[in-house]
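Using the hints provided, position chain B relative to the given structure of chain A.
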Amino acid sequence: MAHSVSPLRFFRVVPTQPALIVWTFLVVVAIGGIAIARVPSRSGDLMRPVLLLQLFAASSGFEVPARRGHYDLLLTSGHRRIWVALVHWAISIAPGVLAWLVLAVVEVTARGDADTHLLASGTCAAMGLVSTMPWAITVRLPRFSGGIGWLLVLTLSTSVLSPGRMPGSSGANEVGESIWSAWEFLVYPVVFVGRELSIGDGLIAAPALVLALAAMVAACRWVSRTSVPLEAAQ
Amino acid sequence: MTSFAVSVRDLAVQYGRRLVFQGVSFDIAAGQSLGVLGPNGSGKTTLLRTLAGCLTPRSGEVRIAGLTPRDALTRTGVAYFAGDATLPGSVRASRWGSLGNGDVVTPDRRPIRALSRGTRQLLGLRTVLGRHPLGLIALDEPWEALDPDAARWLSTTLETKRDRGAALVLSSHRLHDLAGFCDSYLFLLPHHAKVVHAHEISATSPVTALQLAEVFDKVRGGAMSLRAVS
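Residue numbers (our numbering), protein chains in the order written: chain A, 1 to 234; chain B, 1001 to 1230.
For reference, chain B alone in the conformation it holds in the complex:
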């Protein structure tokens, strides 16, 4: 029997009366990565927060290394970052950076709000990714606002963590961020979700953004057809 690092079954999450998504299922093995793609408001952030134990789903099941997300937080390392806007602006950058593993991430003593957006994003990423070991890394739009050097550092770091056995869940609404990087892709659309493995899209070469866009259109078309039928 295969033991998955992350296993999600028929997941549904709602805020108050608003259903964000439902029927989401996927598995990720240790050392594999899932890219979560979808338009704004489709529930990418909500899905990642559910994996990180911050949200309780309406129904369905999430297991991380066989544990509920909240239990997994205590027993296996989970790195979660939802973007630079979640960093407290009044805290000095150097002090925030030290919260990761105690190492100095940046000597910059300015308040976080005084940093550029890309610098804030990099600070947040370096802080959460400095922790180790990590069983699950869930990052929301991680390449957003990064300059080329920082983006390259992020890609290299994620590949290293994945090679060491971490399962990655990365979201983006920009296809070229995730193209070629992930082992499988979750297309999250309102009332519809579909997982497509990279080898199903391109058997011989890394998946390109154009190929992802084509698959995205097909999935979206399927969703529209299903609605039309129902």
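Pulled out of the complex, with its shape left as it was, chain A reads as follows:
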């Protein structure tokens, strides 16, 4: 087999998101790190901008650059497409995950114990959701589409589908409330940041996480099998 570039090296040279995203993460980590060091109890609040940025970083898009031929060198290098897809995803979410871990280390150091908001299971679930679903949604769409779509759904949810307006979520209806809570976590995972998930919380988070996993599988499968015509050749 000919010498071929590894997906990891390729996506380090050909970044999946603009440098502006990485610089913004750096600014958020710098400001957030100082704030957490001074008031560790505010770490949950300071995680919100990281999740918001991660929403857009993960919405990196695969098909559009591939159809422009930007990934030709990699796609013809002989590596399995599933591996290409997974590395594309990993590189897309890496800045956000690193930012989260740095802030978590700052919080652990500032608190002096292991009881941290940023490593709580609720935060991990929220980070997992915003690191997977937007990538999977955007794989066939232009960059940032997943993030923009997600914010649109969030806005619609808060303005149109808020409890009381949502069918079957009158407050007295327990099933309706559970559905609303699951939906709330799906569109606004920040609600679980800083919380250790109880069994009830886990059941609320599970549908969104299963959906995200299914979307990831579908997206990786699509990358593995799809034809990549050149935009200009059609």
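In short, the hints are calculated from the structure, not lab data.
Even for Gly, the Cβ is constructed at its ideal location relative to N, Cα and C.
Among the hints, a few may not be true.
Said to hold, decoys possible - Which chain A residues face chain B? A few, computed with CB under 7 Å, are given here: (1) Val-13; (2) Gly-69; (3) Asp-72; (4) Leu-73; (5) Thr-76; (6) Val-190; (7) Ser-227; (8) Val-228; (9) Leu-230.
Claimed, not checked - Some residues of chain A that are not near chain B, with every Cβ distance over 12 Å (derived): (10) Ala-35; (11) Thr-109; (12) Met-216.
Relative to chain A, chain B alone:
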């Protein structure tokens, strides 16, 4: 039994409902080259992308060293380049060049979009052709925008690779790019494709652009006649 580096049988490719071409068949032995000629939109790029495993054909069969194109990518070296427009403009030229075989192709640290078209084309070619060994080299309009020195380097490099056993598939819509260089020519026209071997065009001397143009006209005329009959 002859073992071909590339074997294509009754290939048809379509985008959505639009049929790009059909009935394309040819064989290329190791160390031989095929020139793909045709007007704009006839499917030259599509054919090369199919050989490179980027497209799944509607019907027909493609075998590279006996393997499907996707399998061939993992087991034999395939170099494919579709032109300077496919390079990501924001990446530094020196970093892109290092993706070939790790060697420095250019020390130029400017973003690719800041380079001239010919320099971008040369960067892309040097990056893919730096890999080795290569069983198949599929290049789309490779001489496009190159200056005379770069064009000479490309021709010499391709001849060297061919001598080492690589099969070449080179496309162009300009006849003089491929004249005299290839062992056979595939004339790709809408709804019609024909392979003509170089020795059928000129038995004693290298094929000239004028001879290719004459054959091209005959093939095109044949296609028109076939349509008129049907």
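Tested hints:
no., hint, verdict
1, Val-13, "holds (5 Å)"
2, Gly-69, "holds (3 Å)"
3, Asp-72, "holds (6 Å)"
4, Leu-73, "holds (6 Å)"
5, Thr-76, "holds (5 Å)"
6, Val-190, "violated (32 Å)"
7, Ser-227, "holds (5 Å)"
8, Val-228, "holds (5 Å)"
9, Leu-230, "holds (6 Å)"
10, Ala-35, "holds (33 Å)"
11, Thr-109, "holds (36 Å)"
12, Met-216, "holds (22 Å)"
Of the numbered hints listed earlier, the single one contradicted by the structure is hint 6.
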